[in-house]
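Note that UniProt numbering gives residue 444 to position 444 of the sequence shown, counting from 1, and the numbers run on in steps of one.
Be a bit skeptical, because a hint or two may be false.
Result set (DSSO-like, lysine-lysine): computed pairs, CA atoms no more than 30 Å apart in a straight line [to be verified]:
1) 357 x 295
2) 527 x 245
3) 415 x 63
4) 569 x 557
5) 527 x 295
6) 139 x 295
7) 265 x 295
8) 527 x 557
9) 39 x 245
10) 701 x 564
11) 357 x 39
12) 245 x 295
13) 245 x 357
14) 39 x 415
15) 39 x 569
16) 527 x 569
Calculated from the structure, these hints are not laboratory results.
Bear in mind that the values here come from a model prediction, so they are computed numbers and not experimental data.
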Amino acid sequence: MDATTRLLCGDDLFNPVMSMGLQASMILSLSHLLQIAVKSVGIPTPIPQITAGLLIGHSLLSKLTFFDNYFYQASSADYYNVLAFFGRTCVVFLIGLELDISYMRRHLHAASIVASAAALPCILLTGAVSYTVFLYYTKPGTSYCTFLFIFLLSVVNTASPIVIRFVAELRLGTSDFGRLAVCSSLINDITSILCGGLVMKIVHGEGFKWGSWLWSLLFTAIICYVVRRIALLLNRLNPDHQYLKNAQIVPLFLLVLLSASFVDKWGAANSMLTALILGVTFPREGKTARTMMHKLSYTVYTFVLPIYFGYIGFQANFSKVYKLINFLGIVVVLLLGMGGKVLGTLAACHHLNIPMKEGVVLGLLLNFKGHFDVLILGSYRAILGWESSFLDVMFVSVVLNTLLSGIPVAFIVMKDNLTFGYRPVPLEQQSPETELRVLACVHGPRHVPTMVKVIGWLSWSKDLPICAYLMHLVELLPKKRTSKMYHQLEDDELSDDDAYGENDAVEINNGLDSFISETGIYIRQMKIVSSITTMFEDVCDVAEDLRASVVILPFHKHQRIDGKMESGKEGIRATNQRVLRHAPCSVAILIDRGLVGYSHAPGFNSTQHVAALFFGGPDDREALSLSTYMAMHLGTNLTVIRFLQASSRETQERINISSQGNEQVLMAMPSRGTEDEADNSYLEEFYNRYVTSGQVGYIEKQVKDGAQTAGALRDLVDMYQLFIVGNGGRRNTSITTGMSDWEECPELGNVGDLLASSEFDPNLSVLVIQQYRPPLD
């Protein structure tokens, strides 16, 4: 029995694995309690998680003899380091999976400027005071160069995982400011990791060996290729299920962990880069990535991150702060970090024309410290021969840097909604080079083919960036609302039951995966489960969180085999009407009449003809603004058709007459005295930019009343596959008079209701757009 005890426990009172487990459990429990306490204030979760580790660690509970003897055994630190390794591998791999690569590629220059500007003052200021700190806190014979490198890394580094969680929980993850902060922090963090790995080799006396680094890079490249091929192979398994089974996805994730641990022998920092690269290169399409993110995100956000962040506070010992020399050291380190980062980011933001307030918040975000700082400081305790008091100063500074920077950031962002909140801007007022953020909603697999094709038409131009989301709207039935069986199924992340919303979700995912595979256009997936009476609230909330430019909803009617339109669930129509009234952005309703298939990518000979109808008003200008994103599509031929009152024809100034196919196209610039000033101003700019260059055709139709307008529309339906038109509400003009006498769907407007009726061509789809309308106070 004594031999067994010595084998399992060594010199400790009991098994150190149990001690490590108790520490992790206490951090996890206390962090969740603190999160509940500060949730109403709006403090992001990294703050209470770090605080939980601080309270459980050497600053409070360790002062009690009972806890110090039974829960803080020296041997448990080794096990805790192993747990931390696997935790940081999971966190960094998930960061790579969720990283917005397209945005980072487009804004790499700006993010690099911010990251460099934030680091440069810290380097200069730290270098200026480092020798004085070196004399006070190190033993004789300690290498100043090694001390300087580590001191610089601790001050300059930014903890990107904490920045990412802060940005996400403050609802800034989809804003340009939030994504710039994430990209800048990643650049800073990756650079620090590379430098830290180099310094670690030098300090250990191994020197810099090109062979080891090259072998680690080669191994990482091979593993990325292998993991990618396995993921693509797994995509073809279980065609009738939405997710892979645990037995299929766990071995792939274990391969990621083992690869990171194998690279770890070339330096602990390299393993983090390996995990990040594996996440970035992981294929985003298919059920493998969907399953990996679905299961890993729940585990990481619920269990791993509280312990990962709690370990930062666990290392700090505030009992040493009472010494004057330590207190002054902490103040110096805080001033170096916060002052340098804020000054540097303000200079960069001035260069990039970013407001000063955003520059201050960005500087505070880049001052966050995290697990890498703890890893670097802990690795050199014995090697550098530092006094333990200086390590206490640095560990306390790591915690205070994050707490003192994070709390002001949270309150500034929450209080200043004008600067950091979502400001809806109609497409008409946006520059065409601005990123288009599309939230497309579907109630079932019937809506997917046409919805993704419209997204494809909007996203083919490299000059017009787009970020698209497809959200599955699932009705929560009353019996499920009471038992909550659906939510229990969704929350059971480790279950092998992969139905997750029945067969509709499987068909939607398969259709979306086929589209992504064929076109290369990445569409992110979401799902909400709600009762039909409150579904519009969820749609509007998601649109606000995503900072959507436009929400696309499916029409409540669907086409039968004979071409007639048949009404579906009345709840879909009610949801559409409520979203139109309450949406925080522009809203479009898609009437689908067989606009299927995705085979019109660049390189295909088939051409789709799209017409933007213009009658005047803000909704038609919004429709014309959205159509400009289709104008650059190589497989789309866009024509703008303007309807004018016949009596005003003589007042138009003719510019040019050209031919487009077999049809004569009149390109004319309307005079300012006959039409609405806003319409004319917008059309003039649109004409000069797109029509004169030949990218868009332009036609004018002369009509007298609603009957002639309806007749002209019937003549056009055979030439186009999609009409884009503004809602217009119940706005009646002389050229639409009488069109609302037999309307069935007033939420589509006069023209949209006519085009959605069964008397029109069965192959013509229609997109009816309503411009964002600010709520009336």
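Here is how each hint holds up against the structure:
1. Restraint check: the Cα-Cα separation between residue 357 and residue 295 comes to about 38 Å, which exceeds 30 Å; the hinted pair is violated.
2. A C-alpha spacing of about 20 Å is found between residue 527 and residue 245, which places the hinted pair at or below 30 Å, so the restraint holds.
3. Under the criterion of a C-alpha separation no larger than 30 Å, the hint pairing residue 415 with residue 63 is inconsistent with the structure, at around 39 Å.
4. Only pairs whose Cα atoms come within 30 Å are accepted, and residue 569 paired with residue 557 is accepted, the gap being roughly 8 Å.
5. Distance check on the hinted pair: residue 527 and residue 295 sit about 15 Å apart at the alpha-carbon level, within 30 Å; holds.
6. A threshold of 30 Å between alpha carbons decides the hint, and for residue 139 with residue 295 the separation of about 49 Å lies outside it, so the pair is violated.
7. Taking the CA atoms of residue 265 and residue 295, the gap is near 28 Å; set against the 30 Å cutoff, the hint holds.
8. Between residue 527 and residue 557 the alpha-carbon distance is near 22 Å, which keeps this suggested pair within the 30 Å criterion.
9. For a cut-off of 30 Å, the pair hint linking residue 39 to residue 245 is broken: about 35 Å separates their Cα positions.
10. For the hint linking residue 701 to residue 564, the alpha-carbon distance of about 28 Å falls within 30 Å, and the restraint holds.
11. With a CA separation close to 25 Å, the supplied pair residue 357 and residue 39 stays within the 30 Å bound.
12. For the proposed pair residue 245 and residue 295, the alpha carbon gap of about 11 Å is at most 30 Å, so the pair holds.
13. With a C-alpha separation of about 48 Å, the suggested pair residue 245 and residue 357 falls outside the 30 Å cut-off, and the hint is violated.
14. Restraint check for residue 39 and residue 415: satisfied, since their Cα atoms lie roughly 16 Å apart, inside the 30 Å limit.
15. At roughly 38 Å between alpha-carbon atoms, residue 39 and residue 569 are farther apart than 30 Å, so this suggested pair is violated.
16. Of the supplied pair hints, the one linking residue 527 and residue 569 holds, its CA atoms being roughly 19 Å apart against a limit of 30 Å.
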